[in-house]
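There are 2 protein chains.
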Amino acid sequence: MPKTGGSLSVRDQALAAKEAAKVLRNAPTELKNRALFAMADALDRHKDSILQANFADVAEAQTDGLSKALLDRLTLTEARLEDAADGLREVAALADPIGEVVAMGRRPNGLEIGQVRVPLGVVGIIYEARPNVTVDAAGLCLKAGNTVILRGGREAIRTNIALVDVMGEALADAGLPKESLAIIQDIDRSSTQELMRLSGIIDVLIPRGGRGLIQAVRESATVPVIETGEGNCHIYIDYNAPLDMALEIIINAKCQRPGVCNAVETLLIHTDVAGELLPVVASALTKQDVVVKGCAKSLELMPSLEPADPKDWETEYLDLILAVKIVDDLEDALTHIEEYGTGHSEAIVTNDYRHAAIFREKVDAAAVYVNASTRFTDGQEFGLGAEIGISTQKLHARGPMGLKELTSTKFVIAGSGQIRI
Amino acid sequence: MPKTGGSLSVRDQALAAKEAAKVLRNAPTELKNRALFAMADALDRHKDSILQANFADVAEAQTDGLSKALLDRLTLTEARLEDAADGLREVAALADPIGEVVAMGRRPNGLEIGQVRVPLGVVGIIYEARPNVTVDAAGLCLKAGNTVILRGGREAIRTNIALVDVMGEALADAGLPKESLAIIQDIDRSSTQELMRLSGIIDVLIPRGGRGLIQAVRESATVPVIETGEGNCHIYIDYNAPLDMALEIIINAKCQRPGVCNAVETLLIHTDVAGELLPVVASALTKQDVVVKGCAKSLELMPSLEPADPKDWETEYLDLILAVKIVDDLEDALTHIEEYGTGHSEAIVTNDYRHAAIFREKVDAAAVYVNASTRFTDGQEFGLGAEIGISTQKLHARGPMGLKELTSTKFVIAGSGQIRI
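Listed in order, the protein sequences are those of chains A and B. Counting in my numbering, the first sequence runs from 38 upward without gaps. Counting in my numbering, the second sequence runs from 38 upward without gaps.
Be aware that one or more of the hints could be misleading.
[To be verified] Calculated pairs, PhoX-like style, for lysine-lysine (alpha carbon to alpha carbon, straight line, at most 20 Å):
no., chain 1, residue 1, chain 2, residue 2
1, A, K215, A, K55
2, A, K399, B, K59
3, B, K55, A, K399
[Said to hold, decoys possible] A few chain A positions that, by computed beta-carbon distances, are all more than 10 Å from chain B:
no., residue
4, L107
5, E119
6, G158
7, A209
8, S227
9, S228
10, E256
11, Q293
12, D326
13, S341
14, A409
15, H433
16, S453
Since the hints were derived computationally from the structure, they do not count as laboratory data. It should be emphasised that the depicted structure is a prediction, and the values quoted were computed from it without experimental measurement. No residue lacks a Cβ here, since even glycine has one placed at the ideal position from N, Cα and C.
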């Protein structure tokens, strides 16, 4: 059944992707867009075979006892597949980042130096169950002039192979190398290790997943890595916060989609408003099936809460659980965030102008919010178009990564015989 | 004798640097500049003790039989020390990159999203003999709001400790944490390994040195790395190149400073001009003590040349040696550069407009030159002010890295109660 690169080793797939990258990096925008539309149309056309492959993955996952939440992430429906195809068309509509002149100037010796945006080259992506990532990543990498090697989850392997086969054929029909898009078929430890260590062939590796994956990649990779996704996010409710606004933001950040990295995990409440706010928050959250875990002070106010232990402060639940801690003041909240935050998204709700400024300045995170839900940390919401992940490191990209973050630059220097003195 | 962090483990030094980074990241420009001037003045004031420490390093290195070139790099003179101090004053004069608003906009839902330049945090630098790097790195990291841990070469340890002691005292006098600037005192494999694996404490590691160092860091580091420096640079002389210009550029790129990464290592000559150019180039280079190694075709033209073997194409000599290969055409030159280049600096000398454009587009390197010497790849020459190194990777920074490349960004979002729907 598998056609795409079935007989190739990971290294050979990567070498083929590196060759293909030479074509992709100079591919005209129009050609890349044509390929994106062709890929979208092919997904529509081959809907049935893709859904069939997905059905087999889901059936096996059910037998293996995958959790309901994971099964939902794994399942493709006709509507989800159409959304993925539309996503490719949206990427075609985004401006091409390649060729942008980032800076340009003439030096005193007459050298004209320009800094031009160019593709990264070969991008490796390691991710887990959701098959729509396969389509999104293929589209974004292509538009940014990169080739891509995907290592998806084992549970989604049939679906991913079907998706890559269909999109790869479309790429080739549009006139771009089929090898621009590769998927690793043997999902085991050794193939993943091999992928992480192909320095000189793969230009960047983006792991998308939980702490375990990120740590494993950090340990083993010789290829430069962009770490993504771990979000132990906080909301701090200040002494004079508008409590209605606070409540709405807390509920949204916890409940609107609890399984994602920008959902809130710990709520910090200024002691002056805890007596009024905590019961209202706890009651509203309980109605939404959220388990609220409180610090010792919280339990004094509401003995019915579950007790939080120190482990809770460092836990990214990704679930309907919220830890609550009552703090003495802004300083106390900042100290807690500095100690336990993962540098993803942090929010303050306040009506104190100076406190808002201090929070914005002092919190060291990819996204720092005043009076808004942490759930907005997202490429679409930030206006970057689609997103390839959310970087939680400081190198190269921080926060939601769009097309621009999938590029590098080069200096281009035009002279008339200049030599260095 | 050693005072600075003498009793601290690498990890403890890094933790102290991380604490200090909380102060540095919000330090006002004026305070950072005051500290830079104080450091420069302190270097001037303590000239004697620093030169004495350097004298001891040089004496030991001589006993150990260090090469003349390395001894020269290790030696501090009064003039060199004054230059280093002046370098700090020049860094003070550069614009502060921190706080720059890189992008700003209002989303349809009213959220105001700004992307602001912030420091990286803690920077680790691994480098070899030259003690002026100690001063340069300290100054650049400080101005960009970072703290820094230095691991210099073993031969320069007394000098480096003396420099860091003097600059650290000055930092403290100016009102910034002394721990902002640390040097590792036990220069052995285990301390270096420890430094490379402090992920979560050190934000970025910049190795400055040869291929061996870079590879070792790539293998072991869990901290994000910016690779620097390896330069197997080429100059391609096209069929209609102005030969006088070609000669001048070749001599400059090989001889002006042969031991650095942007010096040319292989010369590619179009077969149509080889007969005229090669004898002139070889004779001029020989007069400057350069050993010229030729391909088979070159040897047909000039049997007196040393023969080049395939190893030569991949060698970064960093010495007065030049490999020469006669190529059939531009395509042939591009293929050679793609195969052997390290993505540092590549040049074409031509008077063919289309060839210049093709070379600029197709060569995948940090700096691509038309009709100029590769020796210009340098932060000062590119107008970035001082430089912390030359990145040969595509992630985060590519080419000469100045102050901006020592920063990250964060998103700052101002809302009025927005929640995600």
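Against the structure, the hints come out as follows:
The hinted pair formed by K215/A and K55/A meets the criterion: a straight-line CA distance of about 12 Å does not exceed 20 Å. Under the criterion of a C-alpha separation no larger than 20 Å, the hint pairing K399/A with K59/B is consistent with the structure, at around 8 Å. With a CA separation close to 14 Å, the supplied pair K55/B and K399/A stays within the 20 Å bound. A cut-off of 10 Å between C-beta atoms confirms that L107/A is not in contact with chain B; the least separation is 23 Å.
Listed as outside the interface, E119/A is consistent with that label: its C-beta sits roughly 21 Å from the nearest C-beta of chain B, beyond the 10 Å cut-off. Against chain B, the non-interface label of G158/A is violated: not every CB pair exceeds 10 Å, the least being about 6 Å. In this structure A209/A is separated from chain B by more than 10 Å, as the shortest Cβ-Cβ distance comes to about 23 Å. With a cut of 10 Å on Cβ distances, S227/A stays outside the contact zone with chain B, its closest approach being about 18 Å.
The non-interface label for S228/A is consistent with chain B: the shortest C-beta to C-beta separation is roughly 20 Å, beyond 10 Å. Not every CB of chain B lies more than 10 Å from the CB of E256/A, the least distance being 6 Å, so the non-interface label is violated. The Cβ of Q293/A sits about 6 Å from the closest Cβ of chain B, inside the 10 Å cut-off, so the non-interface label is violated. Annotated as non-interface, D326/A keeps its C-beta farther than 10 Å from every C-beta of chain B; the closest such distance is 19 Å.
For S341/A, the non-interface assignment is confirmed: its Cβ lies about 27 Å from the closest Cβ of chain B, beyond the 10 Å cut-off. Consistency note on A409/A: stated as away from chain B, yet its beta-carbon is not over 10 Å from all of that chain's, at 3 Å minimum. Consistency note on H433/A: stated as away from chain B, yet its beta-carbon is not over 10 Å from all of that chain's, at 4 Å minimum. Annotated as non-interface, S453/A brings its C-beta within 10 Å of a C-beta of chain B; the closest such distance is 6 Å.
Consistency note: the structure conflicts with the earlier hints numbered 6, 10, 11, 14, 15, 16.
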